[in-house]
Amino acid sequence: MSIEVRNIVKKFGDFAALDHVDLTVPHGELMALLGPSGSGKTTLLRIIAGLDWPDSGEVAFDGENALSRAPGERSVGFVFQHYALFRHMTVFENVAFGLRVQPRSVRKDEAAIRARVKELLDLVQLDWLSSRYPSQLSGGQRQRIALARALAIEPRVLLLDEPFGALDAKVRKELRTWLRSLHEEINVTSIFVTHDQEEALEVANSVVVMDKGHIEQIGTPSDVYDNPQTAFVHGFIGESIVLPVEVDDGRVRLGDTPLNIAAERGSSGPSKLFVRRHDMQISPCGWGGLEGTVRRVRTFGPIQRADIVVSGNRGETIIEIDVPRDRELRDGEVVGLQPRRYRIFADRI
Amino acid sequence: MPETAIAVPLERTDARSEPRWVRGLLIGFTILFLTVFIVLPLVIVFAEAFARGAHAYLAALADPEALSAIKLTLIVAVISVGLNLVFGLVAAWAIAKFEFPGKTLLISLVDLPFSVSPVISGLVFVLLFGAQGFLGPWLQDHDIQLLFALPGIALATTFVTFPFVSRALIPLMQEQGTAEEEAALSLGASGLQTFFRVTLPNIKWGLLYGVLLCNARAMGEFGAVSVVSGHIRGETNTMPLLVEILYNEYQFVSAFAIASLLALLALVTLVAKTILERHLDEGQRPSEH
Amino acid sequence: MGLTLTWLAIIVLLPLAGLFLKSFELSFAQFVDIVTSRRTLNALKISFGLAFLAALVNLVMGGIIVWALVRYRFPGRRIFDAIVDVPFALPTAVAGIALTTLFAQNGWLGAPLAELGIKVSFTPLGIFVAMVFIGIPFVVRTVQPVLIDLDPEIEEAAASLGANRWQTVSRVILPSLLPALLTGFALAFARAVGEYGSVIFIAGNLPNVSEIAPLLIVIRLSEFRYADATAIAVVMLVVAFLVIFLVNRMQRWAQLRVPAH
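Chains as they are written, first to last, in my numbering: chain V, 1 to 349; chain F, 350 to 638; chain U, 639 to 899.
If we strip away everything but chain V, and leave its shape as in the complex, we get:
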């Protein structure tokens, strides 16, 4: 099923959790909503599920208005960050819950329910736990049961809120791989929320980067990493070196030094120069006039890392770069800097 989100606004008091958000999720997608806390990603997920309501805007499932339907009528499977398993029910009864509360007219008979639950427990590979209680399970097991429970109602969309957030690093890695292969198996449109870029880039086939209630960029994992469209995305994903610069009709200055690069034609005003750390090199002549003073050098393993002070018109900026060990650096030495690739984004006012 495809999901269409149009012009959604959601305010909590004066705080705009979602500020005119548009999003299209094609059928069968495994999408990640990625952003820092407070970016609105969980709110968006809850609005799609029907657990929160927007102040204005539309949500459509396969072109049909979804907002007029209660959460239980949307056939959305929702997996909560802290699992939200029913503690007084066995694993079996937890998974069966969605089947048992169906209206009598469409409810399956007991045998069919049992068969379906068994099938789901097999799918999450936990059928041997069916008579246990949630308190007797590990975190990873609970998360998989929560998923089986959400799948029981044969949802057309699967929504997962920070699905691995409460798990330790090792289990998290295992479950990531598992979720990917599960998605390939059942192929239901899925959206998960995460603040962990590695998780988003590794699991999803499309990533939505959000900040302060806006969508900053939508793209494939390699797209958002290699071609960040905004300063926020560049800074949030991967490690970046950031230098404040001044742009004057496409010409770039760092402090008083004009740099030998061009920004977008016609752009002006204070801006930021973004360079991935592994894209910044030391070169004899520098790049235009870009140079800095070596402040502190330390080595570990094959890597030599240096703090380099670059002065500009907004004070000094210390950047950290990796240098091959055969290049000898001394404190106080002035070196030229040369980025392999870079981006310039005008500051937002």
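Hints are supplied without guarantee of correctness; some may be wrong.
Said to hold, decoys possible - One side of the interface only, derived from the structure: several residues of chain F facing chain U at Cβ under 8 Å:
no.: 1; residue: L472
no.: 2; residue: Q481
no.: 3; residue: G485
Everything labelled a hint here was simulated from the structure, so no lab data went into it.
Glycine included, C-beta positions come from ideal geometry on N, C-alpha and C.
Got chain V sorted already, so can you dock chains F and U onto it with the hints?
For chains F and U alone, kept in the frame of chain V given last:
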């Protein structure tokens, strides 16, 4: 920017709330029930006390019997709150900070007076110290009057109010653990210094909470005191006992006048308790009853 | 340490031991005689039966009150929340005379009820009313913290799985509150069984009809029939402890919800 919502339905089915009529019904039930069972009884106490005007009210309170009952009640409260303050503190300290065999038994013993009828509490003291009691003959020989006198009343009151202080303190002290005390001791503080400078400041609100409830119950205790007091007018009648006597003699204004003082005490206690709970909410709230 | 134990022993254990010792002065036949006499049996029946009914009312009304206080916002909510504790704080004798006056045939509530042919004060119904009053705080205060801490996500999970509100409440929320509800019920019951001050004024105290067990103890004491008083007290204690023990077991069962293997 003004936005017009088109697609959002007016009546939202919030996942966590009930239909409006159910909400209204439950709120209505709550207000009606609490008004009938709690507000009206409180109001009627004051209404009856002032039924014949402020003058009659003050005269009832100025009666020598009333004054002697008030005095006795205050003395009993001071004694039993004082005793329970000290021993409740020690009991809570022992339970919260040390491990020893029989600890669970001790915890359930602390609560015992709560689960026993006050009349039975009074009865056991009669059985112990009464003329036919275990210690009765010995007390008589030594000319010690416990029952039907101040000591008996104070003792019975102490028994029924025993759990309040320790109940308020145990969760607080358990939560705080022993780390701070150990730190103080390792810095060279003596045991008493540790207690007064580290333990006590940490539990002062909980302690006050316990003392407050202990005091309210001590002043208002009826069943246990009724059994051991002997109802000697002007001598062993506490305020609640005097309320009973006056009421049974159809002196309603006098009965309700004394009752109004006790009701006032209850209300003040509740206000103070609510304020204290706000202080305690930062830590853990002590369990009640 | 030693001091604590000694103090506890003196103030708590010794008196209760005395109670049981005293009852051993009776032969078994005497004990049975006293306990099975018509008046004693009736008093025990009245105390336990009405306390059970009152605790049931407290269970239902307490559940409604705590739900409204925690989940809804309405004018005066904080005040109503605070006054739930009045039955704890108000001396029982004061509560007793206030309820009696309120429900007397010429009282504010007694008069309209009398027109409907319902007599409250000086009847068993009066005992019941006083016991309901005294038990109000127990269910509310034991359930309140549990309800506040209840994870909102489990309700949302139920809703997103297609449960309607009633199914969510009855299958998910109530089972989660069950241990606290049972505890509150047991505490209200124990308190009502032993309650004396707030009941005796409104009860009428007619032997075999509206005479509660604690009052019978007091009467026997005033007649210097200590053995009788003691026997009744022992029965009350034992039955009350049995009930509390039973409820504790049920509560533990409800809390663990681990199937017996």
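Hints, one by one, checked against the model:
no.	hint	verdict
1	L472	holds (6 Å)
2	Q481	holds (6 Å)
3	G485	violated (11 Å)
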